[in-house]
Structures are given as structure tokens and as C-alpha cells.
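Whenever a hint applies, use it, and build me the whole structure from the sequences.
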Amino acid sequence: GAVVSQHPSWVICKSGTSVKIECRSLDFQATTMFWYRQFPKQSLMLMATSNEGSKATYEQGVEKDKFLINHASLTLSTLTVTSAHPEDSSFYICSATGFRVQETQYFGPGTRLLVL
Amino acid sequence: LAKTTQPISMDSYEGQEVNITCSHNNIATNDYITWYQQFPSQGPRFIIQGYKTKVTNEVASLFIPADRKSSTLSLPRVSLSDTAVYYCLVSSGGGADGLTFGKGTHLIIQP
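In the order they appear, the protein sequences are chains A and B.
Residue numbering for the first sequence follows this note's numbering, beginning at 1 and increasing consecutively.
Residue numbering for the second sequence follows this note's numbering, beginning at 1 and increasing consecutively.
I should point out that these hints are in silico values taken from the structure, not numbers from a laboratory.
Hints may be right or wrong, so weigh each one.
What the hints assert, rightly or not - The calculated SDA-like cross-link candidates involving lysine to any residue, where the alpha carbons are at most 25 Å apart (straight line), are:
(1) A/Lys-55 - A/Pro-40
(2) B/Lys-52 - A/Thr-104
(3) B/Lys-54 - B/Val-78
(4) B/Lys-54 - A/Ala-2
As the list claims (entries may be wrong) - Every beta carbon over 12 Å from chain A, so not counted as near; a handful from chain B, in silico:
(5) Ser-41
(6) Pro-44
(7) Glu-58
(8) Ala-60
(9) Pro-65
(10) Asp-67
(11) Arg-68
(12) Lys-69
(13) Ile-108
What the hints assert, rightly or not - Here are some of the chain A residues that sit facing chain B, going by a computed Cβ distance under 10 Å:
(14) Ala-48
(15) Thr-57
(16) Tyr-106
Backbone N, C-alpha and C fix where the C-beta goes; we use that ideal spot for every residue, glycine too.
Structure (C-alpha cells):
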């Protein structure tokens, strides 16, 4: 139980385009989802927290207009990287917690984004 | 959030027991201790979580002394596939708060 999926697993795009990444909780309802970013050989860094039906809370230094987060249902959150640039190339990972798994977070497999 | 300190890297051999210790001197009363494992280009995988004393599951044990200022993840009889980065995290509020990841411990298992 407590499975989280992400789609796509990797994406290559041209500079200036927008990319949407989906995060789904497959076997539980996720009241809260989180988005992290991880650069090579570095640790995960929290970008934002989203609760179903409300606006996401962004960490300091993360541009909310660039990284659009939507948590429209209890099983789906999306992260859209708008007008992507090469410096946005990274490994994006979501996690989720919910009614059945309140005490910890379960992570998705991650999405590798490469902006050319 | 309580800061954690753990060794940057550790080496061991197949079949050995590996213990990774994490210090968290400023842990709060309602904080839980959680360990994750991460392989390259994968999301972290939950290993074990505890509040005090000892917790054991099918893959690991977690030892937490009475003062809770440290914790030790114990991996019995490791194999090559246990080579990964292991993160110790301390957080309150259940899973409702974003997690602050430290640098983790890069565990390398040799034949």
C-alpha cells in the first residue's frame, strides 16, 4: 500500500516551453502533496506543499508563477514548469500523505526534466 | 525542525550488519524519526519510522535511546543492492509538514 506514481518519468523540452508533471496517489487519498527538486549529487529540496482544494504554499526562493501547482483532487497533484530554461533541468519528486498514512510521506519515482 | 547529523559515507561487505547512526540533539517532544533509502534517479523509499525504544520491520530495525537525541538504523545481512543513500529525518505534525533532507549517508556495500 501507499503507492505514489509520477508521469512522465522523464521529459526533454526546448527552452521557453511549459512542462506538466503529474503525481498520483494510487491506493490512498492524499490530503497533502509535496514537491521536491533534486540536483545531481545533492539532497532533496522542498519546493512547495499543496493541500487538496487550496492554493499551494511555496518555500522561500521558489517562484510560484514559474512552478504552478494544482491539487484538484485527493489523488492528483500537478506541477507545471512554465517557460522552462536550462537551469530548471532537475529531478522533480513528489510525495503524499493522507488519511491512511498520516505519520509519514510516500514518494513517487521522480521525473527527470532536461531543458535544452 | 530538528537538524540531523549523520556520516557522509560508510563502507561494508555483503552479509554484514550495518548500523548508521544519526544525531538529532534538538528533537522535540512530538517529533518522529524516519529513515528513507534512495537509489540514483529514484524517489526516496520509506524504510522505517519510530518515536522511542525499538522498532523492527521486515527490512530494518530502528533503535532510539531514552533521550531520543540520536537514532540508529540497523540493516541486517546487507547485500550489494543495499548500496544507496540513507536519509534520517526528524519531523513533527505527522506527514503534514514538508521534510528537510540533510546530506544523507552514502552506504557502499562491497562483495
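Each hint tested on the structure:
| no. | hint | verdict |
| --- | --- | --- |
| 1 | A/Lys-55 - A/Pro-40 | violated, 29 Å |
| 2 | B/Lys-52 - A/Thr-104 | holds, 16 Å |
| 3 | B/Lys-54 - B/Val-78 | holds, 20 Å |
| 4 | B/Lys-54 - A/Ala-2 | holds, 23 Å |
| 5 | Ser-41 | violated, 7 Å |
| 6 | Pro-44 | violated, 5 Å |
| 7 | Glu-58 | holds, 14 Å |
| 8 | Ala-60 | holds, 14 Å |
| 9 | Pro-65 | holds, 21 Å |
| 10 | Asp-67 | holds, 22 Å |
| 11 | Arg-68 | holds, 16 Å |
| 12 | Lys-69 | holds, 21 Å |
| 13 | Ile-108 | holds, 15 Å |
| 14 | Ala-48 | holds, 8 Å |
| 15 | Thr-57 | holds, 9 Å |
| 16 | Tyr-106 | holds, 6 Å |
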